[in-house]
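Trainee: Mind docking chain S on chain B? Use the hints.
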Amino acid sequence: MCRLSLRVHNAPMRLEDKLLRVWVGLAVLVALAGSAWLLLSEWARLRNQFDVQARIVHRLISQQMVQHEAVLSTLALLPPAPDVAVPLTGVYPHIRSVQVVLTSAPPATDAPLAIPSGQVAAASEPTPAGTPPVLPAARLGVGNWTAGQYSLQSQGAHTRVTLAIDLSQWPLPPEWPAASPELPLAVDLLHGPDTYPLQPQGRPDWDWQLEATKAIASSSQPFTVRTRTHLTWQHVPWWQLGVWWLAVGTLLWLSLTGVRQRHERQRAQALLKLDQVSRLGTLAEVGAGVAHEINQPLTAVLANAQAARRALKDSPPDIALLRHAVDQTVQQAKRAADVVTRLRRLLDKPGERAPMRRLDLAAVARHGLDLLAPSLNQLQVPAEVRSTSPVHVLADPVALEQIVHNLVQNALQSLEQVPVTERQLTLTVTTTPQHGVLTVTDTGTGISPELLPRLFEPFLSTRPGGLGLGLTLCETLANHMGGHLRADHHAPRGALFELQLPLSQARQRT
Amino acid sequence: MTEPLSPLIHLIDDDEGVRNALSLLIGTVGLRVHTWPDAQCFIDGFDRQGIGAIVMDVRMPGLSGLAALDMLLAQGVDQPVIVLTGHGTVDLCRRAFKAGATEFLEKPVDDDQLLDALQAAVRQHVQSRQRMAADRTTRERYAQLSAREKEVLGLIVSGLTNKEMARVLALSPRTVETHRAHLFAKLEADSLAQLIKGYAALVDADDTHTTTGTG
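Chain order of the listed sequences is B and S.
All residue numbers for the first sequence refer to my numbering, where the first residue is 1 and numbers rise by one.
All residue numbers for the second sequence refer to my numbering, where the first residue is 1001 and numbers rise by one.
Same shape as in the complex, but just chain B (with noise of 0.2 Å):
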C-alpha cells in the first residue's frame, strides 16, 4: 500500500567555506592593520614624549653650563676677597673648589681665598697693571672627564678663576624630568671620544632603542648631550590591540551569526516550503494510489455483475455462469472494502498520536503568521494576533501548527483575490468556560452560501489543482484534538474559521 511519508531534504546547508574563508581573511586584515596603526601611534607617542624630554634635559644642562660661564666671569670680575667663594658650594655643591689667583697688585692680598669645602690654592701671578678690565673668556681645563670631573678656567682683570667641577655632584634641577618607568631616560655628556654618564643607563640594550643628540651652544664647554631610552616589550600596548582584537573578532562573529541566521531562515523557509510540496505530493501520489486500489475490485465488480445481467438474458440462463460471476462480485466488493479500512487504518493510527501538551494559543497563532511571513509580506496582508490574557488549550503541536497553517494559508490564497488595500488578516484568541477559541478572520472573498455546509467534505476545492483536503484534515486533526472547528461569513465581507480546543487544566493552578 502507499506509505505517508514526509521527506525532508536535509541537505547540509553550512556557510560556504569560501565565503567564510574571506570573511576570516578580511577581519584578519582589518585586525592587523589596525594592530600596525595602535603600534605606530604609540611609538609616535613615545617618541614625542622622549623628543620632549630630550629637549628639556639639554636645555637644563645648557643653562647650567651657562651658568657656570657666568659664575666663572662673575668671580673674575669681582676684586678678590676672601669671602666672595664662601656661598658657591651651598649653591653649586658640584662646584668644589675655587681658586683664584692675583695676578696684579692692587689690592695686593696674597691671602688665597678659602672655600671651606674645597682645597683652596691661591697664587700670586703677575698681572700688567693698569689693564682694563675686560670680560673673561673661559676656557675649558682638564680634568677626569669619565668621572665628569673637569675644570673652568677665567682670566680676569686681576685674578685668574678656575672652577673644579664635579658634575656627580650636580643636583638634578626640579624641572628635570622625573625618572618614570614607562621611559626611563639615561643621559651622557659627550666630550671628545670620552663620554660621561651623567644619568647612567639601567636597562639591557636589546629592545629598541631611542637617542637624541645634541651640542651645547657654549663656547667653554663644548659638550654634546646624548639622550636614550629604550623601549621594551612592556610598550607594546596590549591592553589596546587587545580590545582591538576582541572587537574585530566580536564583529566577525556578529556579522557571521547574521550570515548565518539569515541563512538558516532561508532554509527554514524553503523546508517549509518543500514540506507543503511534498504534502501535496504525497497526498497526490495516495490519491492515486487509493484510486488504484479501489478500482481494481469496482471494476472486477462490474463486469461480474454484467456478465451475470448478460446471462440472465438467455433462456434458459447458465446456472453455473451466474453463480461464478455473483461469487466473484461478493468476493470482490469485499475486497474493496478491505482497502478502504486499510486506507483508514493507515490514515488514522491511534498509537502513534502525538501526546497533548499544553500550549499557549495566542504563541502557536504568532508561530502560524511567523512561518507564512514571506507570504504575508509578499501579499502585503497586514496580520496581527489579538489576545488580552494568556489562553492555554490542551493540544497536539504539530496538528495545532498544521490546522492554524491551512486556516492561514487559506486565508491568504482568499485575500488574494482582493485589492490590497482591503486585505485584512486577524488571529484573535479567545475562551469559552470549556474552551480556548482561536478565530482567523480574513477580508477576502468569503465562502459562498451554497458551500458553507458542505465546506468540510473531503476533495471539495474552489481552487484549481486543490485536492480539497486541508480543511477536511484540518476537521478531523481539531475533532481528534477534542475540539471542533466551524466556518461561518465574516461582516463585512471574508471568511471567519473559528477552532476550539479545550482548556488546559492547568490553568486553574496558576
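No lab work stands behind these hints, which were simulated from the structure alone.
In this text, a Cβ means the ideal position worked out from N, Cα and C, and glycines have one as well.
There could be a bad hint or two in this list.
[Stated by the list, open to error] Label-pair distances were calculated between CB atoms; the ranges are:
no., chain 1, residue 1, chain 2, residue 2, range
1, B, K334, S, D1078, 37 to 43 Å
2, S, D1091, B, W253, 53 to 59 Å
3, B, G287, S, A1133, 37 to 43 Å
4, S, G1088, B, S255, 26 to 32 Å
5, B, R265, S, Q1113, 40 to 46 Å
6, B, P316, S, Q1124, 30 to 36 Å
[Said to hold, decoys possible] Which chain S residues stay away from chain B? Per the calculated CB distances, all over 12 Å, these:
no., residue
7, H1087
8, F1097
9, K1107
10, P1108
11, H1125
12, R1131
13, E1140
14, R1148
15, S1191
Mentor: Frame of chain B, contents of chain S only:
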C-alpha cells in the same frame, strides 16, 4: 487450430479478479479469451497470426501497458489493441493513441462499451486480414501474365475495344481476342467488371512503375 477464424481476445491485466471478471464478461458474447498476468508473458507467448484483439491494462508491474504497446507497434503486430486504465488522463490517452491503440477505455468499464469496442476491433481485424489475403492472391495471378497480356489488360482497363486495341498494338483483332481470353483465364475473372475492379489498381501501379523506370 480447429477453428482458425474464431477470434481470440488476449486479456492482459495484473489483477486476477479483474482478469476473471472481464474474461467472464467477454465470454458472454461468444468470444474466446486468453488471459495473461503481465505484458512480458504476453509478448513472448501470443500467436501473432491469429485473428482477434488485445485488451490491456496500462498500470502493470514490470512492463507497463504503454511500453508493451510500443513494442507491439515496432513488431508490426496487426491485432487491434484496446487500452484500459484506472486513472485516465488526457496525456495518457494521447500517448496510447500515438502508440497505436484503437480504443482507450476507463475502468471500471461499461460492458456495452467494452464489448462493442471488442467486436468492432475483431471485425476490423478480420477485414484487414481478408484484404491482405485478397491482395496477395491478386498479385500472384497478375504475376502470371505475359508482357503482351499485361499490355492488353492495361488497354482493357483504359476502356478500349478489341478493334481499337488491335490498332494500337498493330496486331490483328483475332490475336487480341486470344490474349484477352488467356488473360481472363489466368486472372480467374468472370466478368469485365470484376477484372477492372480487381486489377485496375495493379495495372496503374505497374504503369507508373514502367514509366518512371524508363523515363
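Trainee: A separate judgement is required for each hint: does it hold in the structure or not?
Mentor: Okay, the hints, checked on the actual structure:
no.: 1; hint: B/K334 / S/D1078: 37 to 43 Å; verdict: holds (41 Å)
no.: 2; hint: S/D1091 / B/W253: 53 to 59 Å; verdict: holds (54 Å)
no.: 3; hint: B/G287 / S/A1133: 37 to 43 Å; verdict: violated (49 Å)
no.: 4; hint: S/G1088 / B/S255: 26 to 32 Å; verdict: violated (57 Å)
no.: 5; hint: B/R265 / S/Q1113: 40 to 46 Å; verdict: violated (56 Å)
no.: 6; hint: B/P316 / S/Q1124: 30 to 36 Å; verdict: holds (34 Å)
no.: 7; hint: H1087; verdict: violated (6 Å)
no.: 8; hint: F1097; verdict: holds (21 Å)
no.: 9; hint: K1107; verdict: violated (4 Å)
no.: 10; hint: P1108; verdict: violated (4 Å)
no.: 11; hint: H1125; verdict: holds (23 Å)
no.: 12; hint: R1131; verdict: holds (32 Å)
no.: 13; hint: E1140; verdict: holds (44 Å)
no.: 14; hint: R1148; verdict: holds (61 Å)
no.: 15; hint: S1191; verdict: holds (45 Å)
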